[in-house]
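Participant: Sequence:
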Amino acid sequence: MKSFTSLLSVLSLLLGVALATTNQYATPSQPQVRVEWRQLSSSAQADYIKSVKCLDKLPSKIGLKTSRYNDFPYIHTKLNIQNISKSPVFSKDKARGFGGNGLNGGIVNPSRPNPLTMCVLDGAFNNFTVQYYGAASRPHCLNRGFNDGVDQAGKFQGDSYSSQAVSKLGDSSKNFTVFADSLENGPHGAIHQAVGGDLVPATSPNDPLFFLHHAQIDRLWWIWQQKNPKQRNSDYSGIRILASGARAEKPASLNDSLPMLGLGPDKLVSELMTTSSSLLNYRYK
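Residues 1094 to 1378 in our numbering are what the sequence shown spells out, letter by letter.
It should be emphasised that the hints constitute simulated quantities derived from the structure, not laboratory data.
For glycine and all other residues, C-beta sits at the position ideal for the given N, C-alpha and C.
Fair warning: there could be bad hints in the mix.
[To be verified] With a cut-off of at most 25 Å between alpha-carbon atoms, the simulated DSS-like pairs for lysine-lysine come out as follows:
#: 1; residue 1: LYS1143; residue 2: LYS1158
#: 2; residue 1: LYS1261; residue 2: LYS1323
#: 3; residue 1: LYS1185; residue 2: LYS1150
#: 4; residue 1: LYS1320; residue 2: LYS1261
#: 5; residue 1: LYS1179; residue 2: LYS1154
#: 6; residue 1: LYS1267; residue 2: LYS1323
#: 7; residue 1: LYS1267; residue 2: LYS1343
#: 8; residue 1: LYS1143; residue 2: LYS1187
#: 9; residue 1: LYS1378; residue 2: LYS1343
#: 10; residue 1: LYS1248; residue 2: LYS1261
#: 11; residue 1: LYS1378; residue 2: LYS1143
#: 12; residue 1: LYS1179; residue 2: LYS1360
#: 13; residue 1: LYS1154; residue 2: LYS1143
#: 14; residue 1: LYS1187; residue 2: LYS1146
#: 15; residue 1: LYS1360; residue 2: LYS1261
#: 16; residue 1: LYS1378; residue 2: LYS1320
#: 17; residue 1: LYS1248; residue 2: LYS1185
#: 18; residue 1: LYS1154; residue 2: LYS1360
#: 19; residue 1: LYS1187; residue 2: LYS1150
#: 20; residue 1: LYS1323; residue 2: LYS1248
#: 21; residue 1: LYS1267; residue 2: LYS1378
#: 22; residue 1: LYS1323; residue 2: LYS1360
#: 23; residue 1: LYS1248; residue 2: LYS1179
#: 24; residue 1: LYS1343; residue 2: LYS1320
#: 25; residue 1: LYS1146; residue 2: LYS1158
#: 26; residue 1: LYS1267; residue 2: LYS1187
#: 27; residue 1: LYS1185; residue 2: LYS1146
#: 28; residue 1: LYS1150; residue 2: LYS1179
[Said to hold, decoys possible] Distance windows between CB atoms, simulated:
#: 29; residue 1: SER1136; residue 2: LYS1158; range: 31 to 39 Å
#: 30; residue 1: ILE1332; residue 2: ALA1258; range: 24 to 32 Å
#: 31; residue 1: LYS1267; residue 2: LYS1158; range: 14 to 22 Å
#: 32; residue 1: LEU1356; residue 2: ALA1258; range: 42 to 50 Å
#: 33; residue 1: ASN1348; residue 2: GLN1257; range: 12 to 20 Å
#: 34; residue 1: SER1327; residue 2: ASN1220; range: 42 to 50 Å
#: 35; residue 1: PRO1344; residue 2: GLU1364; range: 31 to 39 Å
#: 36; residue 1: PRO1358; residue 2: LYS1158; range: 19 to 27 Å
#: 37; residue 1: ASP1186; residue 2: LYS1261; range: 13 to 21 Å
#: 38; residue 1: ASN1220; residue 2: ALA1258; range: 19 to 27 Å
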């Protein structure tokens, strides 16, 4: 099995795979390129799936009794197109596919008496067991419940992440505050709701699709920054929430610490604002 650092690098991709170097950080002259899932070779797609399953066999890095893969939904909990079901990402292929909808097939609404009965039936994550749900330890099969939206039958809330919506997001957002709000209430939230199941609650990293989706969110931010990097690579704002849940008096700043809660060393916001740094060193195609 590869090292945890390499696997984490692989898992951080939704739209593609950036191969980890043997050094702790890549050099700025050799940026890794992240590409869309369909641009990967069959072997690279299979390697991604193997990496996810490898993490599920490794011991926890943060002292849990569950696998290292389950560290991600656990930590995430503590932090609190027109028809995406046709995407090749949902392939039934046992080596390269993430599988499709949950039990009962077709288009189903995720609002059910027991939300943990929508087991993924095909693909590489059929019979894939995850350990947490919401704020509780609750072992269950990986769940999905495709939701096409009450008022947008057949569109899977696609108007929120269509090419037109994404283009408008980038063109009309003149600062980070506007961009972040539009992104959260548009493409980001819509995909979580459209796929449903385990991708909805705070333990959404249960679904390996989480990492693909969030690489796309990262990509949209990257594209927005490239339009004015001098200004936008340091444009950051928002509120700060204390560990108690209370709102801090001071607003968010580049000097704030991002706690990794054991998954890795804590970082300052300023260290993660640009992908061209020696720490991250990647770009999107």
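Participant: Where does the structure disagree with the numbered hints, that is, which hint numbers, in rising order?
Facilitator: 5, 9, 12, 15, 20, 24, 26, 28, 31, 32, 33, 35, 37, 38
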